[in-house]
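Enquirer: Protein chains in written order, with our numbering: chain B, 1 to 112; chain P, 1 to 110.
To be clear, the hints were calculated from the coordinates, so they are not data collected in a lab. Any given hint could be a false lead.
What the simulated footprint calls covered on chain P by chain B, stretch by stretch (three residues with Cβ under 8 Å from a Cβ of chain B suffice, anywhere in the stretch; the number is not a length) [to be verified]:
| no. | region |
| --- | --- |
| 1 | 46–59 |
| 2 | 100–108 |
Computed spacing ranges between beta-carbons, pair by pair [as the list claims (entries may be wrong)]:
| no. | chain 1 | residue 1 | chain 2 | residue 2 | range |
| --- | --- | --- | --- | --- | --- |
| 3 | B | T56 | P | P110 | 38 to 48 Å |
| 4 | P | G16 | B | T56 | 44 to 54 Å |
| 5 | P | L10 | B | R10 | 20 to 30 Å |
| 6 | P | E80 | B | T30 | 29 to 39 Å |
| 7 | P | G16 | B | G16 | 48 to 58 Å |
| 8 | P | N109 | B | Q38 | 45 to 55 Å |
C-beta atoms are modelled at their ideal positions from N, C-alpha and C, and glycine is treated no differently.
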Amino acid sequence: SAVISQKPSRDICQRGTSLTIQCQVDSQVTMMFWYRQQPGQSLTLIATANQGSEATYESGFVIDKFPISRPNLTFSTLTVSNLSPEDSSIYLCSGRTGNGYTFGSGTRLTVV
Amino acid sequence: AQRVTQPEKLLSVFKGAPVELKCNYSYSGSPELFWYVQYSRQRLQLLLRHISRESIKGFTADLNKGETSFHLKKPFAQEEDSAMYYCALNVKTSGSRLTFGEGTQLTVNP
Chain B
1 SAVISQKPSR DICQRGTSLT IQCQVDSQVT MMFWYRQQPG QSLTLIATAN QGSEATYESG
61 FVIDKFPISR PNLTFSTLTV SNLSPEDSSI YLCSGRTGNG YTFGSGTRLT VV
Chain P
1 AQRVTQPEKL LSVFKGAPVE LKCNYSYSGS PELFWYVQYS RQRLQLLLRH ISRESIKGFT
61 ADLNKGETSF HLKKPFAQEE DSAMYYCALN VKTSGSRLTF GEGTQLTVNP
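The task is simple: from the sequences and hints, build the whole structure.
Expert: This is the structure we're talking about:
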């Protein structure tokens, strides 16, 4: 099945700055997704990254805060903008594959 | 809206004992259900998909539409089964988005 390389694995950022997370898939996947996992909690879907069109955001998440790019079927980025301590979390990308969904290894973001 | 419930946040069993991790979902149509596992310091991995009906690492799960459940079972737990387990639901009309349960942390004691 597909393998997703996600980077960076972790970062510490100053409040007010932005962090861009990249996910590279080793094969083409039609659908990619971005999740947030806050400490001790489950995964919450941020948005579906659509190739060639704007991402589809879930309730409570907006494009200005979480801009997403999906230039082709193997790559996507998520930017977390205007960082605040509340954005400290793990961010994961995922791709829909033939038998399920495969996940990146996650990015642990700490905002100071 | 679809929802997945895993009633136990923590589950502790002894090695060799049977284990059952509960998962209930709310959706009136035909769901696609998964179990994912996350071992310490590793990424989420697919454990089971209800359509495949196979056994992975000794785990099985049966979809019970009447009870809207997809419980994960293993007859003899091993220490290496200690991990976080997530039940997840895909409703195809929702654009293939996965909805996750809150997760169950399984600890298998020696």
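Enquirer: Does each hint fit the structure? Answer for all of them.
Expert: To see whether the hints hold, each was checked on the structure:
no.	hint	in the structure
1	46–59	holds (count 3)
2	100–108	holds (count 4)
3	B:T56 <-> P:P110: 38 to 48 Å	holds, 47 Å
4	P:G16 <-> B:T56: 44 to 54 Å	holds, 47 Å
5	P:L10 <-> B:R10: 20 to 30 Å	holds, 26 Å
6	P:E80 <-> B:T30: 29 to 39 Å	holds, 34 Å
7	P:G16 <-> B:G16: 48 to 58 Å	holds, 54 Å
8	P:N109 <-> B:Q38: 45 to 55 Å	violated, 28 Å
Of the numbered hints listed earlier, the single one contradicted by the structure is hint 8.
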